Amino acid sequence: GAGVSQSPRYKVAKRGQDVALRCDPISGHVSLFWYQQALGQGPEFLTYFQNEAQLDKSGLPSDRFFAERPEGSVSTLKIQRTQQEDSAVYLCASSPRTRTDTQYFGPGTRLTVL
Amino acid sequence: QQQVKQSPQSLIVQKGGISIINCAYENTAFDYFPWYQQFPGKGPALLIAIRPDVSEKKEGRFTISFNKSAKQFSLHIMDSQPGDSATYFCAASENIRGYGQNFVFGPGTRLSVLP
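Residue numbers (the working numbering), protein chains in the order written: chain A, -15 to 98; chain B, 54 to 168.
Just so you know, these hints were derived from the structure itself, not from any lab.
Just so we're clear, the structure is a prediction, and the values are computed from it rather than from any experiment.
One or more hints might be untrue.
Not the full set, but computed from the structure, chain A residues with beta-carbon under 7 Å of chain B [what the hints assert, rightly or not]: (1) F49; (2) P91; (3) G92.
With a Cα cut of at most 25 Å, we get these calculated BS3-like pairs of lysine-lysine [as the list claims (entries may be wrong)]: (4) K(-2)(A) x K62(A); (5) K62(A) x K95(B); (6) K(-5)(A) x K62(A); (7) K68(B) x K110(B); (8) K111(B) x K58(B); (9) K110(B) x K58(B); (10) K58(B) x K41(A); (11) K95(B) x K(-5)(A); (12) K121(B) x K110(B).
Ideal placement from N, C-alpha and C gives every residue a C-beta, glycine not left out.
Please model the complete structure; the sequences and the hints are all you need to start from.
This is the structure:
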């Protein structure tokens, strides 16, 4: 595809359930970012991958959040034992090089925890 | 300080008018200042960006003004159109050696352009 794709687009989970959110970056893009966007707020950084290496996970809010990119392309953000405060849109972005300015965002996954 | 402040929170402009959104930052290590446009249900898309070595950048109807000493930058949308109605985010980033760009986003401005 031409852009970053994310699936599912919408996810409803009961409190305590585990969820997995998928990101397909633009083919060949080296860098991949995950952001959390609360309602009415700007995106907040969660974690960053350069190829398969997770170089920064300082934005992950708790140890219930885990991200991986095992082959340097598709990435999965996993949230264990979801809580209501995890409800947000989770955005994935990719960029072509290790040091580049333009991040291309996917449409996001809207997670609602009941 | 990593925070980027943005104002106003919402803005209503008549068609043909000028929309102005302002941002301020504290971290003097920031070296790249993009603006993103986000429509409902979509991810943010890069609109225009500036580096601190210039004070202004114009692309079509969109202009960024940058004041390095005041640590402020703003987006001006000339001849605003109803299709410009969206949420606009300013952002700032610094280049961290071996890592790349670390982005911080403002809270957003919801722009409504009335026909």
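Exercise. Going through the earlier hints one by one, which of them does the structure break, listed in rising order?
Worked result: 1
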